[in-house]
Amino acid sequence: MSWLSTLKVALNALRVNKLRSMLTMLGIIIGVAAVITMIAVGGGAQARVEEQIKSLGANVMIVLPGSTTSSGIRLGAGAAQTLTEDDARAIGTELDEVISAPLLRGSGQLVAGNMNWSTQIYGATPEYFDVREWKLLAGRSFEPNELSGAAKVAIIGQTTARQLFGEDITPEEVLDQSIRVRRVPMRIIGVLDRKGQSSQGQDQDDVLFVPLATARNRLFGAPQGRLRRVSTIMIKVADGADMKQAEERIRELLRQRHRRQAGADDDFTIRNLTEMLQAREASSRVLSMLLAAVASVSLLVGGIGIMNIMLVSVTERTREIGLRMAVGARGRDILMQFLIEAVTLSLIGGLIGVALGLLGSYAIGNFAGWPTEMQPAAIVLAVGFAATVGVFFGFYPARKASRLLPIDALRYE
Amino acid sequence: MQATIIRASGIGKRYEMGDTVVHALRDVSLEIGAGEMVAVMGPSGSGKSTFMNVIGCLDRPDSGHYELAGETVESLSSDALAEIRNRRIGFVFQQFNLLPRTTALENAELPLLYTTMPRQERHQRAQRRLEQVGLGDRLDHHPRQLSGGQQQRVAIARALVNDPVLILADEPTGALDSRTSLEVMALLQQLNREGMTVVLVTHEQDIAAFASRIVTFRDGRIVSDVPHEAHDAAAQLQAARQAE
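Protein chains in written order, with the working numbering: chain A, 1 to 413; chain B, 1 to 244.
So here's chain B without its partners, still in its complex pose:
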């Protein structure tokens, strides 16, 4: 029996914009088990981003109940949420969000700065993660000196550095060409095969196809939640390379 990483039940979130109230989420319930790779899809305005913010502990729901790896989250203070994000979640963003003029190593190390870990150990862990994503020879490079795909891999190393229970990837390939997208997806799939839970927000069918479960949002609700035969990104990458 798999452990449950995300247990969200009856999540509601609304925004007031002037006189109108926008219901971004209405009574959303979802469970995600350890080791799953889930794609969250939906058109813009469907509530998928709001849902990501809630499960990423970046935002609190107005109603409902949310447990992350067994911890009840919705009532925590913002400091406590910061700590949960720090220990439990690795974020990967569309725009990479690396610090400019800062080396890959320091970028990957960033989450550890907000722990009490000694410097030496921080360096070692960040270096190990960069090696894991294939950037062991780029430790001292600044983001500007790296390609988009490499930058996103630094961001993935940063997401992994704290040994999170969950990787949350928000449009991770949105700023990449298709070949580089394949590389990044292959990396995420590989991490997933090693046991990491991955939640991936995307509006691209091709990208969602690499997940083993696809959840679709529309108008603040989940309209479908189906298992999926995941495509193999590594194999596609191999094929693309051979075709050249």
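Looking at chain A on its own, in the form it has when it is part of the complex:
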């Protein structure tokens, strides 16, 4: 018997029992829709973490000052200002495989014309933009003489630029504008590309960069005796280099520079940001797999529904089976007929499930505001799984049908 006529017979049998076929398919429909929606939700969460890693920059570590112990009282990270610009420079020169960028953090009011805006102000060196893989849309980065001379120049983030100069201004128009930063007049020499939210949900574009010396000497001042202190040092390790090893060497170097004795606590903290995000990515991947696994249980239940109905159908159509055998159907013709019926049920159910799943993930993305991301592989997987369920659970009833003896089947009442 040809495939086409077998398929036709199967479709006909399903059409004859429309309501029953629909109810049977419902299990598969729900299962596939759930799998697809869950994979979309999980994929969305994963994509968001991946985006954060991308926005942070690859292989990034951060060195924070503190924690110090003074008279037995241990203070948290950042409590003391133990890091200096020279530490940053030493890390950069001692370790070939890293870029080291000192950062002095502060905030203040900006004024441009009749607009004003309060924002984060960072004293930085050009290395910072390399570490963060942050591009300039217009203008240029700081030059050596501007760094050493505490020049009154600034590089502006997208959000800050829009707040000061309006939504419609182009990056080129922002260049060479004068602004006052904590009442100090400065000239804008560069406009940064959009970076979006940080992993903590902060708007990273709401920012202004000035040369490190400018921040220290003209904006924030420095406590007595700690003239060259910085807030943090951002470090980027070259691709392919061992992050763990780099971290250890930086620790050694800083301990040596800070003259920490063996057994004393570090007076700084190194955080491997990339690694933290990767861990988060891994956990969101596990979560999405878990969701998909739970959803596929309903697929399994749907498969059992198919088996149940196919068994009923075989019993109901025993005479038909007998007749087909009498006129020349072999066991395998009957087997194929019922198997194709089961697979058709599960495949049609699977396709409807895909449509519902797409709709569902769209709805979740739109109304619940969760990030969802549809993966074509998930659709193929879910439909393939549905077909497998059809074959698996359809096989037993089909084989039962194919093993009937024609005389018994013909006499069946």
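A hint or two may mislead.
[Claimed, not checked] Quick partial rundown of chain B residues pointing at chain A, CB under 7 Å, derived from the structure:
#  : residue
1  : Y15
2  : N53
3  : L58
4  : D59
5  : D79
6  : A82
7  : R85
8  : N86
9  : R88
10 : N97
11 : L110
12 : P111
13 : L113
14 : Y114
None of these hints come from the bench; they were simulated from the model.
No residue lacks a Cβ here, since even glycine has one placed at the ideal position from N, Cα and C.
Using the hints provided, position chain B relative to the given structure of chain A.
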């Protein structure tokens, strides 16, 4: 000299039902030549149905030898038996056994689905057979839309569609009134006159009377095998129509 279609010798078949063994057939031998119309009679339990199953290749005998149109059948696999049924035998059943919600044409075509014949040819042959049984204008009707007699004629068209060497009719009129029975018997007789071998299982004397040979079973054996002057179903039908 007529060719022999059925050559059964020493056929035995028994069923075990719990502790007791039922001998459905004991050493049955029978030959049926091409072009014969044979009625197989006997009360229920006489073994006639079991014998039908054996000669219809639906069941294998426990002992004995059976040739259908020159082919030895009793040792074949069930797939090979399915093929023999498909090519050699046309079945007509008491309950018609048409597929519901399926057109007359598709019902008549059914045996051809299990061959490699192309679709176009299948349709043509099924249509030709339906025309032959007088249902050329009912091709698209479902069994529910047909009378009992028409349904049985669709079943006969289905039996003929593969050009079998033998039509096996198991109580073909059992579910029909006497007028419709006459119609069906007239059709079978006509086919027989055109050269088809027909074996007809019945327990009704009136129906068996249309055959030219009557074989009677009792307790698993053939107790009589006699030639018979066949009544003419078509003539009786004509007479019945005129009487109205």
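Here is how each hint holds up against the structure:
Interface hint at B/Y15: violated, since its Cβ lies 11 Å from the closest Cβ of chain A, which is beyond the 7 Å cut-off. Hint status for B/N53: holds, given a least beta-carbon distance of 5 Å to chain A, under 7 Å. About 5 Å separates the beta-carbon of B/L58 from the nearest beta-carbon of chain A, less than 7 Å, and the hint is met. Of the supplied interface hints, the one on B/D59 holds, with its beta-carbon coming within about 5 Å of a beta-carbon of chain A, less than 7 Å.
For B/D79, the suggested interface contact is upheld, since its CB lies about 5 Å from the closest CB of chain A, less than 7 Å. The beta carbon of B/A82 comes within 4 Å of a beta carbon in chain A, closer than 7 Å, and the hint placing it at the interface holds. The beta carbon of B/R85 is positioned within 7 Å of a beta carbon in chain A (closest approach about 5 Å), and the interface hint is therefore held. Interface hint at B/N86: satisfied, since its Cβ lies 2 Å from the closest Cβ of chain A, which is below the 7 Å cut-off.
The beta carbon of B/R88 is not positioned within 7 Å of any beta carbon in chain A (closest approach about 10 Å), and the interface hint is therefore violated. Look at B/N97: its Cβ gets to within about 5 Å of chain A, closer than 7 Å, so that hint holds up. At a threshold of 7 Å, the smallest CB-CB gap from B/L110 to chain A is about 6 Å, leaving the interface hint in force. The criterion of a C-beta within 7 Å of any C-beta in chain A is met by B/P111, whose closest approach is roughly 4 Å, and the hint holds.
At about 5 Å, the closest approach between the beta carbon of B/L113 and any beta carbon in chain A falls short of 7 Å, and the interface hint on this residue holds. Hint status for B/Y114 relative to chain A: holds, with the closest Cβ pair at about 4 Å, below 7 Å.
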